[in-house]
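2 protein chains.
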Amino acid sequence: MLETAETGDTIDRESYEQALPDLRVELINAQYELQHADFPVIVLIGADDRIAADDLIDTLNEWMDARYIDTRWFGRRSEEENERPRFWRYWRELPPRGRIGVFAGAWATNPITEQVFGKRDRGGFKRRLEHIRRFEQTLVDDGALLLKFWLHLPEKEHHKRAQAAEKHRHRHWKFDEEDWKIYKVLDKVLPLCEQLVHETSTACCPWQLVETTDARCRDLTVARRLLQAIRQRLDETPSGTSQAPAEPAELCCGPLDSVDLSSGLAYDTYKAELLRYQQKIHRRSLKAAQDGRTSILVFEGWDAAGKGGAIRRLTRAMSARNYQVVPIGVPTDEELSHQYLWRFWRKLPRAGKVMIFDRSWYGRVLVERVEGFASEDAWKRAYQEINDFESQLVEYGFNVQKFWLHIDRQEQLRRFKAREKTLYKKYKITDDDYRNRDKWDAYVCAVNEMVERTSCQRAPWHLIPATDKRFARVQIARIFSRSLKNDH
Amino acid sequence: MLETAETGDTIDRESYEQALPDLRVELINAQYELQHADFPVIVLIGADDRIAADDLIDTLNEWMDARYIDTRWFGRRSEEENERPRFWRYWRELPPRGRIGVFAGAWATNPITEQVFGKRDRGGFKRRLEHIRRFEQTLVDDGALLLKFWLHLPEKEHHKRAQAAEKHRHRHWKFDEEDWKIYKVLDKVLPLCEQLVHETSTACCPWQLVETTDARCRDLTVARRLLQAIRQRLDETPSGTSQAPAEPAELCCGPLDSVDLSSGLAYDTYKAELLRYQQKIHRRSLKAAQDGRTSILVFEGWDAAGKGGAIRRLTRAMSARNYQVVPIGVPTDEELSHQYLWRFWRKLPRAGKVMIFDRSWYGRVLVERVEGFASEDAWKRAYQEINDFESQLVEYGFNVQKFWLHIDRQEQLRRFKAREKTLYKKYKITDDDYRNRDKWDAYVCAVNEMVERTSCQRAPWHLIPATDKRFARVQIARIFSRSLKNDH
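Residue numbers (the working numbering), protein chains in the order written: chain A, 2 to 489; chain B, 2 to 489.
Hints were generated in silico from the structure; no laboratory data involved. Treat the hints with care, since some could be wrong.
Chain copies aren't distinguished; within one or between two, either way the pair holds.
[To be verified] Straight-line C-alpha distance at most 25 Å; calculated PhoX-like pairs for lysine-lysine:
#: 1; residue 1: Lys486; residue 2: Lys175
#: 2; residue 1: Lys422; residue 2: Lys281
#: 3; residue 1: Lys281; residue 2: Lys182
#: 4; residue 1: Lys168; residue 2: Lys182
#: 5; residue 1: Lys175; residue 2: Lys288
#: 6; residue 1: Lys189; residue 2: Lys422
#: 7; residue 1: Lys182; residue 2: Lys381
#: 8; residue 1: Lys427; residue 2: Lys185
#: 9; residue 1: Lys127; residue 2: Lys168
#: 10; residue 1: Lys426; residue 2: Lys157
#: 11; residue 1: Lys189; residue 2: Lys127
#: 12; residue 1: Lys189; residue 2: Lys427
#: 13; residue 1: Lys422; residue 2: Lys161
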C-alpha cells in the first residue's frame with residue numbers, strides 16, 4: 002500500500018516559486034475564515050521519514066499564520082500519562098473549534114515504535130488500531146475536519162540517505178541518533194507502517210500518502226490538500242441540524258420498572274450497616290491508593306433523589322487525599338469548543354484516586370436528549386461513544402461503577418415541598434426542577450434506554466431504590482466497598 | 002504560636018443545631034452572589050490534625066453548595082510535577098473568579114512532610130517559605146480572597162487520641178497508617194508547623210488558628226469566618242479602578258538607546274554562520290532533551306521586527322519532538338478568569354523541551370501598560386511578579402533567555418509598506434499596527450523600564466539589532482546555542 006505513494010513526482014524550483022504566493026494567500030485566508038467556523042481542523046502527520054515530518058511542520062508554520070496552529074509532538078509517555086488510558090494525552094491537546102492542531106506522530110506512529118522497541122504483542126497492536134478507528138470516528142462525528150498524511154520515503158531512498166549520512170556526517174547533520182535507531186530496524190518498521198496505514202484508512206478518515214523524496218513536491222502537495230479540504234468544508238452550507246426536542250413521551254418500559262421502591266431499612270440496622278461498609282471502604286480505599294487502582298463512580302438520578310447525601314456517606318469514609326468529587330455543571334467555553342467527552346477526559350484522575358462524578362457524561366443521553374440540546378444524531382451516537390470511553394477506562398484497570406438513584410414522581414414532589422420549607426435547602430429547588438417534572442415520562446424512556454445500552458458487567462449500572470434514603474446509602478456503600486475488593 | 006489556638010472552646014449540641022440553619026442559608030446565599038463576583042476565594046487548610054481537615058472538608062461540602070467548591074488535595078508530586086517548579090501544581094488548580102477552591106495541605110503542609118520524611122535541608126525550608134509568601138502575595142494582589150486556616154490539635158490531645166486508637170482500633174478506624182506515621186515524629190512535625198505558621202502569617206494573608214478538639218466548635222468557627230470574609234468582600238463597593246491609558250509619552254532613555262541598529266552581515270557570512278549555529282543547536286538540544294534540561298525562550302519586539310523568521314531559524318535546527326512554539330494571542334475565558342500568569346504556568350513544558358514563546362507574559366508591562374488594559378497598580382506590580390516567576394524557573398534549572406528584536410520607526414514603516422505589497426504577508430498588517438506606531442515613544446519607555454527591571458544574569462534580556470534580519474538571526478542562534486551549552 003505504501004508504495005502507491007511512490008510516484009516519483011518532482012517539482013522544479015521555478016514552478017514551485019510561482020505557485021507559492023497564491024497558495025500562501027489562500028491558506029491564510031482560509032485560516033482566518035476558519036476562526037469563525039464551528040469545527041476544528043486536526044492534521045495528523047504520520048511518517049516513516051522523521052526528518053520530512055519535521056521539515057513539513059516548519060513549512061506549514063512558515064506558510065500559514067503560526068498563531069493559529071498548535072503543533073504537538075508526542076514522545077515517551079510520562080508517569081501521569083501512564084496512569085490514564087492511552088488516549089488521554091491526545092484528548093488533552095485537541096484543538097478547539099476554529100483552530101488547527103497539528104499532531105506529529107501521536108497515535109499514528111507511537112503504536113509502531115512501542116511495537117518495535119517495547120514489548121507489545123501482536124494482539125495488542127490490533128487492539129490499538131481498533132481504538133484509533135473509534136477515536137477518529139468520534140472526532141469526525143463531532144464535526145472535526147481530520148486530515149491524515151502519511152509521509153513515505155521509498156525504501157531505496159532510505160538506504161541512499163543513510164549511506165550519505167554515514168559518509169558526510171557534517172552535511173547530513175539532521176540525520177541524528179534517533180534516525181539511525183529507526184533505520185537499523187527499518188525492515189520491521191515498514192511492514193508495521195503498512196499495516197497501520199491499511200487498517201486505519203477508514204471511509205471517514207483515510208490516509209493520504211505523500212512521497213517525501215522531493216521536498217518541494219511534498220510540501221506543496223500537503224499544503225494544497227490541506228487548503229482544499231478546509232476550503233471545501235468552509236464552503237459547505239451548514240446543514241440545518243434540527244434540534245427538535247424529543248418526541249412526545251412514549252410510555253416505555255424497561256429496567257426502571259423492576260426497581261422495588263418500597264425497599265427500606267430500620268434506623269438501627271442502617272447505622273450499623275453503614276458503619277460496617279464505611280470501615281471497609283476506608284481500609285480498601287487506602288489499599289487501592291497504595292496499589293494505584295483508580296475508581297470512577299458516576300451518580301445520576303432524579304432531582305432530589307439524594308445523590309449528595311449518598312456521596313457524602315462515601316466521602317466521610319475516605320481521606321480527602323484519596324477522593325475527589327466532581328460536580329458537573331455548565332461547561333466553560335473552552336469545554337464547549339471541544340467534543341463533549343473532552344471535559345471528562347481532561348478530569349480523569351491520577352492512579353489510585355476515587356473520582357466521584359455528581360452527574361456526568363450521561364447528561365448527553367438524558368437532559369440533552371430530552372430538552373433537545375443535542376441533535377438526535379448526536380445523542381444516538383453517544384451510547385457508542387460512551388461505551389468506547391468507559392471500555393478504555395476499564396481496559397486500563399479502572400473500577401467503574403454507575404448509580405441511578407430512583408424515586409417515583411410523588412416522592413419527588415414530596416421532597417420538593419419539604420426542601421422549600423427548609424431554608425438552607427430551598428436553593429436546591431428552582432423552576433427548572435418543576436419543569437423537569439413535566440417531562441418525567443420522557444426521562445423514564447431516556448433512563449431505560451441509557452441503562453439498556455450502556456450497562457455492562459465491567460461498567461455496570463446499579464439501579465438504587467431511593468425512596469428510603471437509608472436503604473439507598475447502604476446499598477451504594479455496599480456496592481462500592483465490594484467493587485474495591487474485587488477489582489484488580 | 003500554635004498554642005494560642007488552644008482556647009479549649011466547646012459548643013454544646015443544642016446551640017450548634019440552633020445556629021446551623023441560619024448559617025447554612027447565609028453561606029449558600031454568599032456562594033450564589035459570589036458567582037457574579039470578580040474574585041476567586043481560595044481556602045487553604047493546613048493542619049497538624051489530618052482527620053480534622055478531612056472532616057472539615059466534608060462539612061463544608063455539606064453546608065454549602067458542593068457544585069461551586071473545588072476541593073484539591075495534594076500528595077506526593079508526580080513525575081510531570083517534578084519536571085516543573087514546585088508551584089506549577091498549585092497554579093494549575095487555582096479556582097477561577099467566582100468560585101471557591103479548597104486546598105487541603107498543598108503549600109501549607111507539603112514543605113513540612115518533605116522536610117520530615119524527605120531530605121531537605123534547613124536552608125531549603127526557609128527558601129520555600131519565601132516562595133509561599135510571594136505566591137500568596139501574587140494571588141491577593143490579583144484580587145483573590147485568600148483564607149488560611151490552620152487546624153491545631155493540642156499535643157496532649159494528640160497523645161490521648163493515639164492511645165485511644167491503639168486500644169480501640171475498631172472504633173477509631175479513621176486513625177490510619179498515615180496518622181501513625183505522623184504521630185511517631187510529632188516532636189519534629191509540630192515545631193515545623195509552628196515555624197511555617199509563624200513565617201507565612203503575613204499582613205495580607207495571616208493564618209487563622211483553629212483548635213480541633215471540639216468538632217462542632219471547629220466547623221462552626223471556620224464556616225463563620227469564611228462566611229464573614231466572603232460577605233465583607235462582596236459588600237465592599239468595587240474600587241473604581243482607573244484604567245486610564247499611560248501618560249502622554251515621556252521621552253525617556255535607557256538600554257534601547259545603546260543598541261547599534263547599523264549592525265549587519267553579508268549574505269555568505271550569514272549562511273555559513275547560521276548553519277554553524279544550527280548544527281550546534283541541533284546537537285545540543287538533543288543532548289539537553291536526553292538530560293532533561295528545559296529551555297524557555299521569550300520573543301518580544303516591535304511589530305515587523307522579524308520574530309517569526311528568527312524563531313523559524315531556530316526550529317529548523319531542532320526536531321519537532323523537542324521544541325514547541327507558543328504564540329500568545331487573546332486569552333480564553335478560562336484564562337481571563339485567573340491571574341494573568343496562570344496561562345503561562347499552565348503551558349510550562351515537560352523536562353528537556355525547548356519552549357518558544359512568541360510574545361509572552363511581558364505583554365503585561367508592554368501593550369497592557371501602554372494601552373491602559375491593565376491598571377497602573379497592576380502593571381507596576383508585574384515586574385516583581387514576573388521576576389518571581391522567572392526565578393522559580395531558573396532555580397528549577399530551566400534555561401531562560403529573552404530576546405527583544407529592535408528596529409527603529411522608519412524601518413518599521415518601510416516593512417509595513419513592503420508587507421502590504423506582498424499578498425501573503427498583507428494579513429500581518431492591520432490598522433492596529435499603525436495605531437501602535439503612534440504610541441512608539443510610550444512603548445520605548447515601557448521597553449526600557451521592562452529591560453531594566455527584569456533583566457538579570459540568570460534570565461537575561463538580549464537586545465537584538467534587527468534592521469538587518471540576517472544579523473539578528475545569527476545573533477539569536479548564537480546566544481541560544483551558547484545558553485544550551487552553559488546551563489546545567
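A quick look at each hint next to the structure:
1. Lys486 / Lys175: between (53 Å within a copy, 19 Å between copies)
2. Lys422 / Lys281: Neither way: Lys422 and Lys281 sit 36 Å apart in one copy and 75 Å across, limit 25 Å.
3. Lys281 / Lys182: For Lys281 and Lys182, only the inter-copy Cα distance (21 Å) is at most 25 Å; the intra-copy one is 51 Å.
4. Lys168 / Lys182: Close inside one copy (17 Å), not across copies (62 Å); limit 25 Å.
5. Lys175 / Lys288: Classified as between: cross-chain Cα gap 14 Å, same-chain 49 Å, threshold 25 Å.
6. Lys189 / Lys422: neither (72 Å within a copy, 51 Å between copies)
7. Lys182 / Lys381: neither (46 Å within a copy, 52 Å between copies)
8. Lys427 / Lys185: Neither. Shortest intra-copy (70 Å) and inter-copy (47 Å) distances fail the 25 Å Cα cut-off.
9. Lys127 / Lys168: Cα proximity of Lys127 and Lys168: none, with 39 Å in one copy and 56 Å across.
10. Lys426 / Lys157: neither (74 Å within a copy, 39 Å between copies)
11. Lys189 / Lys127: within (16 Å within a copy, 55 Å between copies)
12. Lys189 / Lys427: Neither. Shortest intra-copy (66 Å) and inter-copy (48 Å) distances fail the 25 Å Cα cut-off.
13. Lys422 / Lys161: This pair counts as neither: shortest intra-copy Cα distance 83 Å, inter-copy 43 Å.
The structure fails hints 2, 6, 7, 8, 9, 10, 12, 13 (numbered hints given earlier, in ascending order).
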